[in-house]
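Line by line, the protein sequences are chains A and B. Mind the numbering: the first sequence is residues 0 to 298 in numbering that gives the first Met the number 0, read in order. Mind the numbering: the second sequence is residues 0 to 295 in numbering that gives the first Met the number 0, read in order.
Treat the hints loosely; a few may be bogus.
[Claimed, not checked] Below, simulated DSS-like cross-link-like pairs (lysine-lysine); rule was C-alpha separation at most 25 Å, straight line:
no.: 1; chain 1: A; residue 1: 120; chain 2: B; residue 2: 4
no.: 2; chain 1: B; residue 1: 99; chain 2: A; residue 2: 14
no.: 3; chain 1: B; residue 1: 255; chain 2: B; residue 2: 46
no.: 4; chain 1: A; residue 1: 240; chain 2: A; residue 2: 94
no.: 5; chain 1: B; residue 1: 54; chain 2: B; residue 2: 255
no.: 6; chain 1: B; residue 1: 4; chain 2: A; residue 2: 194
no.: 7; chain 1: B; residue 1: 196; chain 2: A; residue 2: 15
no.: 8; chain 1: B; residue 1: 2; chain 2: A; residue 2: 120
no.: 9; chain 1: B; residue 1: 99; chain 2: A; residue 2: 15
no.: 10; chain 1: A; residue 1: 194; chain 2: B; residue 2: 8
no.: 11; chain 1: A; residue 1: 149; chain 2: B; residue 2: 255
no.: 12; chain 1: B; residue 1: 198; chain 2: B; residue 2: 285
no.: 13; chain 1: A; residue 1: 240; chain 2: B; residue 2: 255
no.: 14; chain 1: B; residue 1: 8; chain 2: A; residue 2: 120
no.: 15; chain 1: A; residue 1: 149; chain 2: A; residue 2: 94
no.: 16; chain 1: A; residue 1: 82; chain 2: A; residue 2: 94
no.: 17; chain 1: B; residue 1: 196; chain 2: A; residue 2: 14
no.: 18; chain 1: B; residue 1: 97; chain 2: A; residue 2: 15
no.: 19; chain 1: A; residue 1: 194; chain 2: A; residue 2: 120
no.: 20; chain 1: B; residue 1: 97; chain 2: A; residue 2: 14
no.: 21; chain 1: B; residue 1: 179; chain 2: B; residue 2: 196
no.: 22; chain 1: A; residue 1: 206; chain 2: B; residue 2: 8
no.: 23; chain 1: B; residue 1: 129; chain 2: A; residue 2: 66
no.: 24; chain 1: A; residue 1: 194; chain 2: A; residue 2: 206
no.: 25; chain 1: B; residue 1: 46; chain 2: A; residue 2: 149
no.: 26; chain 1: A; residue 1: 194; chain 2: B; residue 2: 2
It is worth saying that the hints were derived from the structure and are not from the lab. Quantities reported herein were computed from a predicted structural model and do not represent experimental measurements.
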Amino acid sequence: MTTTVHTKSIQDAQKKIRNRRIRSTVIRYVVLILVGIIMIYPLIWMIGATFKDNAEIFSSLNPIPAKPTLDGYVAAMENYGGKINIWGAMLNTYKFVVPEMVFTVISCTLTAYGFSRFNFKGRNLMFTIMLAMLFLPQVVLNVPQYMMYKDWGWVGSTLYLPLWVPSMFATESYFVFMLVQFLRNIPRDLDEAAKIDGCNAMQILVKIIVPMLMPAIVSVALFKFMWSSNNFLGPLLYVNKPAYYPATIFVKLSMDSDAGFNWNRILAVSLISIIPNITIFFLAQNQFVDGISAGGVKG
Amino acid sequence: MSKFKRFCKDNIGFFFCIPWLIGFLVFKFYPFCSSLFYSFTDYNLFKGMTQFTLKNYVNVFANDTERTALIVTFKYAFMTVPLKLVFALFIAYILNFKIKGVNFFRTAYYIPSILGGSVAIAVLWKALFKDDGVIHTLFALFGATAPSFLSDPNWSLFIICLLRIWQFGSAMVIFLAALKGVPNDLYEAASIDGAGKWKQFFSITVPLITPVIFYNLITQLVQAFQEFNGPFIITQGGPMGSTTLMSLLIYNNAFKIYDMGKADAQAWVLFVILMIFTAIAFWSQKHWVYYQDEGR
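Please take these sequences and the hints and turn them into a complete structure.
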């Protein structure tokens, strides 16, 4: 008799625990799905809206168009001021994004290697300054940099000089910092072995460090690509001929010139302008995650 | 070996850092100093400079426009940063339970952060919150009338904040990586001691990841103080200056009326304020940030 009561109470307790576990699991999924909808719905809506006509866009919340139309995309191909269309603008974007990406990778890798593998006079001071630059907001530098570039004749440069030349000099501390964090995890024994085999510092970098650092370097390149193709203020200040406008400026101008009527066109232009970014994100998600985690976690 | 060669060999690391040093001096240090210098002048891009003056600094605190912009910047930062961090930590915490499809959710939450800085997303935000926009349609569905978010000064700033809060994904990814590093046996020990999930969260999880909370706090703070794209594209600083952050005011002064001195002074005030907050955060570290290495 006592044993049956005992097993019964155990069974009850187990059931209770199981129910509680199921309940909290359900709550978790409900929260995740609700938040997920809030995160994603705007983007899905945007994609749907580009295929709607202007009468339909704001009349229903359903992202699937009732009467699908390509009007938005047809209108999106129009020239702006007879000078440039969305494809031209996107091409312009990559004219400075690609050099910026390549030079950032090279200069930041060199700097991170110098800081993390060698000791030299003034290293600690320089390293501290480099880290302090993480806290120097660009907003303080915009005005004086503009004046400097104006003196140099770089404002309105058709080669986009102010946008990519600084990247040759490891000006983005965030990336140097990120690479330094990754470099810490690459054992020094390998450098030492290569040194004994007669490699000089440059050969060690190219043959040993870079291959092992590749995931981090890819992350730097990807983030740089995203950030500089989103750069709006830079082109706003330094590009002043419509034929040279990059996509960010083009999208902003399309929005202004339509004054809120042709929303399917505006949204189509916007969506086209970020298709490369969306594609790259889906192809290389893990690199983004690893890259951004490195700064915060291993530090 | 000659002395020079010896010197080069001992300091070879320095040569790798030369590009950075040049970049620092030319693109950071010189502009930084010159902006301090010009902030004490009446330098105009086209008229040049006529005199030294303290007027620029006095005006930042005396003029209504500038004071408002400072207050708006504070409101923006103190609404955006905490909400973003709380959301990011909360969602990361849930994702860290053995959730099926964790990668799917992580992707969904992370996309807005990656795309969010673009002009395209600012345009989308305008389509969502404009009068008769998507959110208005949503309200109408429930028979309610939505306020005019973008033309009502009580709402406009919040909508701009919301754009950034929506981008909590990058902070979340960092938190998630940190949470994975919290050893499981700590939780097991706590649950044997009878600590519930919430108790575990506040007495194990949070203390152990304070360094990461601190890192996110600082980076988000620096970012918040220089927000530009959102308010510039969505509301142009309006209505009635309710979304004119300092960064917009600086832009307007420098590139619309070419008053570089004034803009430089405003930038410096913003910089000093940000430095004060950063310093407070760093100083307060010893009271709440727990570094594991110290314990060993």
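Here is how each hint holds up against the structure:
1. The straight-line distance between the Cα atoms of residue 120(A) and residue 4(B) is roughly 15 Å, inside the 25 Å bound, and the hint therefore holds.
2. For the suggested pair residue 99(B) and residue 14(A), the alpha carbons sit about 23 Å apart, so the restraint of at most 25 Å is met.
3. A threshold of 25 Å between alpha carbons decides the hint, and for residue 255(B) with residue 46(B) the separation of about 14 Å falls inside it, so the pair holds.
4. Between the alpha carbons of residue 240(A) and residue 94(A) the distance comes to roughly 15 Å, so the proposed pair stays at or under 25 Å and holds.
5. Between residue 54(B) and residue 255(B), the direct Cα distance comes to roughly 19 Å. Compliance with the 25 Å bound is thereby established for this hinted pair.
6. Taking the CA atoms of residue 4(B) and residue 194(A), the gap is near 18 Å; set against the 25 Å cutoff, the hint holds.
7. Using a Cα cut-off of 25 Å, the hinted pair residue 196(B) and residue 15(A) holds, with the two alpha carbons roughly 16 Å apart.
8. A threshold of 25 Å between alpha carbons decides the hint, and for residue 2(B) with residue 120(A) the separation of about 16 Å falls inside it, so the pair holds.
9. The suggested pairing of residue 99(B) with residue 15(A) holds, with an alpha-carbon distance near 23 Å, which does not exceed 25 Å.
10. Simply put, residue 194(A) and residue 8(B) have alpha-carbon atoms about 13 Å apart, close enough for the 25 Å limit, and the pair holds.
11. Restraint check: the Cα-Cα separation between residue 149(A) and residue 255(B) comes to about 16 Å, which is no more than 25 Å; the hinted pair holds.
12. For the proposed pair residue 198(B) and residue 285(B), the alpha carbon gap of about 23 Å is at most 25 Å, so the pair holds.
13. A threshold of 25 Å between alpha carbons decides the hint, and for residue 240(A) with residue 255(B) the separation of about 18 Å falls inside it, so the pair holds.
14. Restraint check for residue 8(B) and residue 120(A): the C-alpha separation of about 12 Å stays at or below 25 Å, so the hint holds.
15. With a C-alpha separation of about 21 Å, the suggested pair residue 149(A) and residue 94(A) falls inside the 25 Å cut-off, and the hint holds.
16. For the proposed pair residue 82(A) and residue 94(A), the alpha carbon gap of about 17 Å is at most 25 Å, so the pair holds.
17. Straight-line distance between C-alpha atoms of residue 196(B) and residue 14(A) comes to about 19 Å, which keeps the hinted pair within the 25 Å bound.
18. Between residue 97(B) and residue 15(A), the direct Cα distance comes to roughly 21 Å. Compliance with the 25 Å bound is thereby established for this hinted pair.
19. Proposed proximity of residue 194(A) and residue 120(A) is supported: the alpha carbons are some 22 Å apart, at most 25 Å.
20. Proximity of residue 97(B) to residue 14(A) is assessed by CA-CA distance (about 21 Å); at most 25 Å being required, the pair is judged to hold.
21. Annotation: proposed proximity of residue 179(B) to residue 196(B) holds, straight-line Cα distance about 16 Å (limit 25 Å).
22. As the CA atoms of residue 206(A) and residue 8(B) are separated by approximately 20 Å, the hinted pair is consistent with the 25 Å bound.
23. For the proposed pair residue 129(B) and residue 66(A), the alpha carbon gap of about 24 Å is at most 25 Å, so the pair holds.
24. Under the criterion of a C-alpha separation no larger than 25 Å, the hint pairing residue 194(A) with residue 206(A) is consistent with the structure, at around 11 Å.
25. Distance restraint check for residue 46(B) and residue 149(A): the Cα-Cα separation of roughly 15 Å lies within the 25 Å cut-off, and the hinted pair is therefore satisfied.
26. Proposed proximity of residue 194(A) and residue 2(B) is supported: the alpha carbons are some 22 Å apart, at most 25 Å.
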